[in-house]
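A.B. asks: Chains W and R supply the protein sequences, listed in that same order. Letter by letter, the first sequence follows residues 1194 to 1250 of our numbering. Letter by letter, the second sequence follows residues 105 to 348 of our numbering.
Please keep in mind that the hints were generated in silico from the structure rather than gathered at the bench. Owing to the predicted nature of the structure, the values given are computational and were not obtained by experimental measurement. Built from N, CA and C at the ideal position, the CB exists for glycine as well. Check each hint, because a few of them may be wrong.
Said to hold, decoys possible - Cβ-to-Cβ under 10 Å is the rule here; a few derived chain R residues that face chain W:
(1) D156
(2) V163
(3) R337
This is what each chain is made of:
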Amino acid sequence: MTANGFWSMGGYARYVWPCFAFAIVVLAWNLVSAHRYLAAARVRAARTMAMAAAEET
Amino acid sequence: MWNWFYKLASPPYVFGVAAAFVPWLLGVAALTLGYGLIDGLAIAPPDYQQGDAFRMIYVHVPAAMLSLTVYVVMAAASAVALIWRIKVGHAVAAAAAPIGASFTILALVTGSLWGRPMWGTYWAWDPRLTSELILLFLYVGVMSLRSAFEDPSRGDRAAALLATVGVVNVPIVHFSVVWWNSLHQGATIVRLGAPKIAGSMLWPLLSMWVGFMLFFAAVLCIRLQGEVLNRERQAKWIREAIKP
Chain W
1194 MTANGFWSMG GYARYVWPCF AFAIVVLAWN LVSAHRYLAA ARVRAARTMA
1244 MAAAEET
Chain R
105 MWNWFYKLAS PPYVFGVAAA FVPWLLGVAA LTLGYGLIDG LAIAPPDYQQ
155 GDAFRMIYVH VPAAMLSLTV YVVMAAASAV ALIWRIKVGH AVAAAAAPIG
205 ASFTILALVT GSLWGRPMWG TYWAWDPRLT SELILLFLYV GVMSLRSAFE
255 DPSRGDRAAA LLATVGVVNV PIVHFSVVWW NSLHQGATIV RLGAPKIAGS
305 MLWPLLSMWV GFMLFFAAVL CIRLQGEVLN RERQAKWIRE AIKP
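So that you can see chain R by itself, here it is in the shape it has in the complex (with noise of 0.2 Å):
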């Protein structure tokens, strides 16, 4: 167990892993979104108060999800980098914020195409709809801190500085619903106690879940080999990993 983690820090290791895990979390993610859609848009009965409109759930809940949990990834592999200098933790917070950006943006604008018909207005001013975008506004700090400077290593610190001690967002956005009087409504899967959904609602909504995460673990396992290759080019194992 701890030598494959050792084995983590080590940048050819990681860069074959990752290529050989992407078409397996891709092809698994097909076939999980592909479930998830089917059952969620066609199978699943509509919901009483809401009607079909509550199929929304099936992309922002998943997005939103992965946004947080995409910000974690980043927060922990900076902090690894930080701490015992692991050049590869670098490489991954790199990977992974662009991808936490995209679906943060994901989760804002279907948020907001849910709120229109449910409460009225496509934005309010609302706890976790604020820390959502508080969530945003990270990710792109953090992306244009690591390119603001010349050095690239200071960048890498500057920006897993930032990124760990934005990892504080992460419970407000979370439970921002239960500590003020929100617009939005509270936890539905991730709670204390069985959740509050339906079986036949829940496991589409689960399988969207998983697919997104396997998803974002293909995107980043590709994106990481781009970010190994372009921080070792001058290294001699390179020469074999880009044969064609």
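Isolated chain W (complex conformation) (with noise of 0.2 Å):
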């Protein structure tokens, strides 16, 4: 397959790139998304646990 073939994709290529970038995309919104919801919760816990010692003392 030559560079101009992969690129055009055999005139397929508005419909193949954009699937392929969509995918791309929803992959990368899914790892971004779940590592930001971890980091919230550790956040959250961390808080949580150290209102508890403070009420302790």
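Got two chains here, separate frames each, mind docking them using the hints?
C.D. replies: Pasting the structure below:
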């Protein structure tokens, strides 16, 4: 397959490349949002522990 | 075996296992997705009828299969939580729902992009497309219902009930191309008998499918840790778990 043939995808480039680009967006969103969710949960848990420790003292 | 199964009901054990698996799952997912992309986009021959447009199969089919698989995982976890009152089940279901919804959107959008050059339209009220859209509504319904209650445990139970009942849509999506006269093509891989696709096109597809499954497992493990932390943040074991 030539470079031109690869990028033109036999005339279907306007469908094939957005399809793969959207897949990358969805995969990236999943990874980033999951990490952000976990980070937020860690902060909440740490805050709860700190409040509990403050109440004990 | 049973001992390990019982351990899965323990939030600290699940939190630790999920954290340990993430790098391995992501590493192997990156390798299989990389191979699938290179082989699928540059090496596999064009289809004799669809030309290079068929290459959308390497995203569309794994996304569609995953949308159904994730729903089954969510429904099974919900059923376990409802029947045996295992809290981790609700956490798994809550972690799986947004992932499943995103892959259902991916399947619908990529199917739409594939449909335009092949069918002449982005959308048709075809049984396969309509039942997949209903699957998306079920995911959105489960997520909305979970957050609609002030009492989180009531939200969990209501969402689990909807997820369990909604699993009836999964065989409808899968067999819609058999039961009704559908515009969508029939089963190519998951069918009785040998797959109806040449080996040179099948291997990258299988690789992408494995990559998507491993990626789902990795993201589920990350989200599950967050769910467990949110639900157990009053517990003493959390102090050790979130040490930097």
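A.B. asks: Now look at each hint and say whether the structure bears it out.
C.D. replies: Comparing the hints with the structure gives:
A cut of 10 Å between beta carbons decides the hint on D156 (chain R): the least distance to chain W is about 4 Å, and the hint holds. Using the Cβ-Cβ criterion of 10 Å, the hint placing V163 (chain R) at the interface with chain W is satisfied: the shortest such distance is roughly 4 Å. Given the 10 Å rule on beta carbons, the hint for R337 (chain R) holds: about 4 Å separates it from the nearest Cβ of chain W.
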